[in-house]
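Trainee: Chains as they are written, first to last, in the numbering used here: chain P, 32 to 159; chain A, 528 to 682.
Hints may be right or wrong, so weigh each one.
Think about it this way: if two alpha-carbon atoms lie no more than 27 Å apart in a straight line, the pair counts; the simulated DSSO-like pairs of lysine-lysine are [stated by the list, open to error]:
no.	chain 1	residue 1	chain 2	residue 2
1	P	K39	P	K58
2	A	K653	P	K124
3	P	K58	P	K132
4	P	K58	A	K545
5	A	K629	A	K653
6	A	K605	P	K54
7	P	K151	A	K629
8	P	K39	P	K158
9	A	K628	P	K151
10	P	K54	A	K545
11	P	K124	P	K79
12	A	K653	P	K154
13	A	K553	A	K628
14	P	K39	P	K76
15	A	K628	P	K154
16	P	K158	P	K79
17	P	K153	A	K545
18	P	K151	A	K605
19	P	K79	P	K36
20	P	K124	A	K545
21	P	K76	P	K153
To be clear, the hints were calculated from the coordinates, so they are not data collected in a lab.
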Amino acid sequence: MDVDKNIKILLVDDFSTMRKVIKNLLKQSGYNNIVEAEDGVDALKVLKSEKVDFVISDWNMPNMTGIELLKAVRADSDLSGLPFLMVTAEGLKENVVVAVKAGVSNYIVKPFTAEVLNEKIKKIIEKL
Amino acid sequence: MDVKLINPFLEGTTSVLKTMAFVAPKPGKPYLKNDGLARGDVSGIIGFTGTLSGSMALSFSENAILKIVSNMFGEEIKEINGDIEDAVGELTNIISGVARKKLESFGLTVLAAIPTVVSGKGHSIKHVLGGKSIVIPFETEDGPFVVDVCMSEMK
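Given the sequences, and given the hints that come with them, work out the whole structure.
Mentor: Here's what the structure looks like:
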């Protein structure tokens with residue numbers, strides 16, 4: 032199945048450099064419809080104001096972490112089905128368990144290539 | 528410092544730069560360093576606590592880091608600026624994360640702090656433990672950088 036490359040992706044990370052890096056990887060795979068937020072609070076504002084098809088979020092962020100954002104998304108009837116890919120710096124087992132319990136669609140451990148990121152996105156969308 | 532503790536940093540650095548920046552750094556022969564002077568123009572340093580404690584610094588020459596970050600961003604960056612410093616912080620974080628995961632496979636517990644970044648010619652690097660550090664020099668096509676580690680196993 033071919034994934035629609037025009038899906039609107041919300042990229043959430045407190046580091047603008049990491050957003051740039053992931054945006055660059057997404058563009059390499061043909062995804063150009065990207066909006067950004069710098070933490071969970073900012074991300075929720077975006078999600079409430081425009082239609083987003085896919086969320087890619089960092090774990091560690093000030094104000095509202097990735098896991099708190101995920102829980103807020105899953106608890107919101109308008110957003111609960113949104114595909115959510117969590118980015119983490121460590122593949123620690125405990126973190127993965129917490130994310131799975133909170134309803135994460137999949138997770139990806141830094142560092143990763145454009146191919147791996149694209150595969151994860153495809154897998155999530157194919158399951159929908 | 529046990530040499531087995533150095534390899535995770537060497538491997539972590541090589542794999543992260545290959546994956547994120549498409550740069551294949553060649554490691555040179557590690558050596559002991561007895562001064563606080565950084566070997567590069569911009570450095571990221573991160574502290575560790577746990578059964579293994581100490582700190583790791585990455586210190587890049589200007590040309591090496593400009594190429595690395597330009598590749599990571601997909602756009603050419605010509606001078607060391609705030610973006611470069613943020614990227615060095617992220618690289619320090621990610622490389623230490625990969626190294627920590629490898630160290631944990633040896634049964635060690637390693638917790639990391641938040642990295643700090645310093646730039647400028649002739650800046651200094653202060654390791655948490657003090658004393659000698661082990662430096663792994665790397666060469667890239669665009670210039671050198673080093674990984675500077677000072678760690679000790681807590682008995």
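Trainee: For a quick check of understanding: which of the numbered hints are violated here, in increasing order?
Mentor: 2, 3, 11, 12 and 18
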